[in-house]
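Trainee: Spelled out from the first residue to the last, the chains are:
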Amino acid sequence: MKKIIGMVLIIMLITGCSKHESEEAPLSLVKVTHPTPSLIQSDHRDDDAELLQSIEKDVEDYKELYDAAIVKNKDQILVAYKVKHLQRFHMKKIEKKLKDSLEKDYPDVEFIVSSDFKIFLEVVELHEKMKSPEFDVKKAEKKFNNIVELQKELT
Amino acid sequence: MSGQNKKTPDQEKYQQLEQKHETKRPVLKNCIRAFWVGGLFCVVGQALTYFYIYFFNFTEQTASNPTVATMIFIAMLLTGFGVYDRIGQFAGAGSAVPVTGFGNAVISAAIEHRTEGFVLGVGSNMFKLAGSVLLFGVFSAFIIALIKTILVYMGVI
Amino acid sequence: MLKGKQSWVFSSRPAIAATGVSGGPFEANGKLAADFDILHEDLWMGEDSYEKAHRVLMEEASRAALRKGQMEKKDVQFFLGGDLINQITPTSLSARALEIPYFGLFGACSTSMEGLALASFIINNQGANAILTGAASHNAAVEKQFRYPTEYGGQKPPTAQWTVTGAGAALLTKNNGGSVPVTTSATIGKVMDLGLTDPFNMGGAMAPAAADTIAAHFQDLQLDPSHYDLIVTGDLGKIGQETAYELLTDKGLNIDQEKFQDCGLLIYKENQPVQSGGSGAGCSATVLYGHLINQMKQGVYKRILVVATGALLSPLTVQQKETIPCIAHAVSIEMQN
Chain E
1 MKKIIGMVLI
11 IMLITGCSKH
21 ESEEAPLSLV
31 KVTHPTPSLI
41 QSDHRDDDAE
51 LLQSIEKDVE
61 DYKELYDAAI
71 VKNKDQILVA
81 YKVKHLQRFH
91 MKKIEKKLKD
101 SLEKDYPDVE
111 FIVSSDFKIF
121 LEVVELHEKM
131 KSPEFDVKKA
141 EKKFNNIVEL
151 QKELT
Chain V
1 MSGQNKKTPD
11 QEKYQQLEQK
21 HETKRPVLKN
31 CIRAFWVGGL
41 FCVVGQALTY
51 FYIYFFNFTE
61 QTASNPTVAT
71 MIFIAMLLTG
81 FGVYDRIGQF
91 AGAGSAVPVT
101 GFGNAVISAA
111 IEHRTEGFVL
121 GVGSNMFKLA
131 GSVLLFGVFS
141 AFIIALIKTI
151 LVYMGVI
Chain S
1 MLKGKQSWVF
11 SSRPAIAATG
21 VSGGPFEANG
31 KLAADFDILH
41 EDLWMGEDSY
51 EKAHRVLMEE
61 ASRAALRKGQ
71 MEKKDVQFFL
81 GGDLINQITP
91 TSLSARALEI
101 PYFGLFGACS
111 TSMEGLALAS
121 FIINNQGANA
131 ILTGAASHNA
141 AVEKQFRYPT
151 EYGGQKPPTA
161 QWTVTGAGAA
171 LLTKNNGGSV
181 PVTTSATIGK
191 VMDLGLTDPF
201 NMGGAMAPAA
211 ADTIAAHFQD
221 LQLDPSHYDL
231 IVTGDLGKIG
241 QETAYELLTD
251 KGLNIDQEKF
261 QDCGLLIYKE
271 NQPVQSGGSG
281 AGCSATVLYG
291 HLINQMKQGV
301 YKRILVVATG
311 ALLSPLTVQQ
321 KETIPCIAHA
331 VSIEMQN
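Protein chains in written order, with the numbering used here: chain E, 1 to 155; chain V, 1 to 157; chain S, 1 to 337.
Only chain E is shown next, with the shape it has when bound in the complex:
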């Protein structure tokens, strides 16, 4: 009996803490999602969409990675990616390599790259939220900045 109560309490605690409304985001831990890149604010939407497409292709061409979520706001591009399990030993090296090559290929924009799963999760969530019309640019930008802040946090 005690065990059952305990289980129920734990389940309630877990579901109670849940703040994810989307369905796709929680699943991104277990499966490859290949989310479409999003644009928040841009002066040339068409050009940027093309740019993002090409960046996504470039990133996913890396054999050490297997999934990438990209979002662009003004001149900042956030690239979150998942590293293949056995390549996780070289995580720092991969990050440096990716950032350097992206900066070389696309010199006009600022890149923020992260292999952190939390960043990936948040980017996917941002993608999904942007699909709804109530989620305006201001909100999106705020969330984007939050993610960038989160990425800078170290401890």
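In case anyone wonders, no lab produced these hints; they're calculated from the structure.
Predicted, not measured: the structure shown is a model, and the values here were computed from it.
We put the beta carbon where it would ideally sit given N, CA and C, even for glycine.
Mixed in with the good hints there might be a few duds.
Unchecked claim - Across the chosen pairs, the derived CB separations fall in these ranges:
hint : chain 1 : residue 1 : chain 2 : residue 2 : range
1    : V       : Cys31     : E       : Phe89     : 43 to 53 angstroms
2    : V       : Gly117    : S       : Lys3      : 19 to 29 angstroms
3    : E       : Glu103    : V       : Gly155    : 21 to 31 angstroms
4    : E       : Lys93     : V       : Phe73     : 30 to 40 angstroms
5    : V       : Gln46     : E       : Asp43     : 22 to 32 angstroms
6    : E       : Lys142    : V       : Gly39     : 37 to 47 angstroms
7    : V       : Phe127    : S       : Asn129    : 49 to 59 angstroms
Stated by the list, open to error - Taking lysine-lysine pairs in the DSS-like style, the calculated list, with each CA pair at most 27 angstroms apart, reads:
hint : chain 1 : residue 1 : chain 2 : residue 2
8    : S       : Lys190    : V       : Lys6
9    : V       : Lys24     : S       : Lys156
10   : V       : Lys148    : E       : Lys97
11   : V       : Lys128    : S       : Lys52
12   : S       : Lys52     : V       : Lys13
13   : S       : Lys321    : V       : Lys7
14   : S       : Lys190    : V       : Lys20
15   : E       : Lys138    : E       : Lys63
16   : S       : Lys321    : V       : Lys6
17   : V       : Lys128    : S       : Lys297
18   : S       : Lys269    : V       : Lys13
19   : S       : Lys297    : S       : Lys31
20   : S       : Lys251    : V       : Lys6
21   : S       : Lys321    : V       : Lys20
22   : S       : Lys156    : V       : Lys128
23   : S       : Lys297    : V       : Lys29
Knowing the structure of chain E, use the given hints to seat chains V and S on it.
Mentor: Structure of chains V and S alone, referenced to chain E:
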């Protein structure tokens, strides 16, 4: 410090005889047990990490702090309820090496010396097992950092 | 009376008038639970520290012995006892409550027989009419002092032994006839050290001391092992007992393997997690004063030789890499018709 290097023939002979009767540590069995129990601890830890990533604002980098705290908290409960020493007897290194083993070493000493009061009992004996881990952990970290700094300075790395 | 090199013969045959035995929860689940006078359900025994619980054990065993012997504490001249804790405080504190003139003994786990031999000697030489003697140990208190905290999750090797929580006390009086167990002789052992250093293998360290004392006993008293129905060692455990048996065989003493037992192996069930067996000052005291005396009274054994073994180490000597010095004392007990 007598007799640890020079053994008399009698001692030598007896020790050989005694060895014959001594129950050997089941090393392979201990290794297997340590592997899977230790692995189980890590699975719990990993699950907690994902829990903190999903439901709270922690990244993979930052989620390790609350995870360690939670694991130590669980170890504290298990120690207090007298379960951890049984796990330890079963799993050996499997339960001693993860951070929970460190927590157990501190907490068991704290519980043990509670009867001697808070200052002279708990306070002074809490780290009697874990204290050397802290000391030599910090010391070796310092040495390694020193070596790395020198190597970087010399341009090797 | 001295006989041979290191043995006493008690010609007046002091009588073990009564015994008292107390134990803890682990012993209550053991093989010999029925032979305990008092069994506690938890290790605290209603006290707020394990050391105080340790004192309670000793006190209760002593009081049980007095009660069963129908004697008041003023009728008893001396109290001889000891335990394993620093400065044997639990026994000293129980002596404070008993108010009997007191000798504190330390012989590690051999204290029970050290006390019985000395008590017999004093009574045999008209030094007293009645003496209370006993020994005690408490698992958690002893573990705390000698090893790690009780709740620490360290793995013990299969050679380790489990410290008995319990106390045994005997009331020794002048022989007034009747059907009682009596002590007939005792052999005091010398300290043996064969260079073992592992505090988790005390049985192996103590075996030579036991073998030496047993051999000396038969040598001094010019007896053959077949004289005894049972030769029982204190707390050698599985490893020590086998080793001691081989040592004795090597010395040319042919003991029937059935008749060579160990208190540390008698007290617990096979399925209890005690590794190599029981140990501690309370081990030989509880098994002898409880189980074995009962068996003698039931006529199972007529003559037994009890050899309590002790490892005279301290945590300090272990850390300073000192080898483990060991001792064993033997007392022969006979059922008087």
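Trainee: The structure should be examined with respect to each hint, and the outcome stated for every one.
Mentor: Here is what the structure says about each hint:
no., hint, result
1, Cys31(V) <-> Phe89(E): 43 to 53 angstroms, "violated (24 angstroms)"
2, Gly117(V) <-> Lys3(S): 19 to 29 angstroms, "violated (53 angstroms)"
3, Glu103(E) <-> Gly155(V): 21 to 31 angstroms, "holds (25 angstroms)"
4, Lys93(E) <-> Phe73(V): 30 to 40 angstroms, "holds (35 angstroms)"
5, Gln46(V) <-> Asp43(E): 22 to 32 angstroms, "violated (44 angstroms)"
6, Lys142(E) <-> Gly39(V): 37 to 47 angstroms, "holds (41 angstroms)"
7, Phe127(V) <-> Asn129(S): 49 to 59 angstroms, "holds (54 angstroms)"
8, Lys190(S) <-> Lys6(V), "holds (22 angstroms)"
9, Lys24(V) <-> Lys156(S), "holds (12 angstroms)"
10, Lys148(V) <-> Lys97(E), "holds (23 angstroms)"
11, Lys128(V) <-> Lys52(S), "holds (23 angstroms)"
12, Lys52(S) <-> Lys13(V), "violated (43 angstroms)"
13, Lys321(S) <-> Lys7(V), "holds (14 angstroms)"
14, Lys190(S) <-> Lys20(V), "holds (25 angstroms)"
15, Lys138(E) <-> Lys63(E), "violated (36 angstroms)"
16, Lys321(S) <-> Lys6(V), "holds (13 angstroms)"
17, Lys128(V) <-> Lys297(S), "violated (49 angstroms)"
18, Lys269(S) <-> Lys13(V), "violated (33 angstroms)"
19, Lys297(S) <-> Lys31(S), "holds (19 angstroms)"
20, Lys251(S) <-> Lys6(V), "holds (25 angstroms)"
21, Lys321(S) <-> Lys20(V), "holds (23 angstroms)"
22, Lys156(S) <-> Lys128(V), "holds (19 angstroms)"
23, Lys297(S) <-> Lys29(V), "violated (46 angstroms)"
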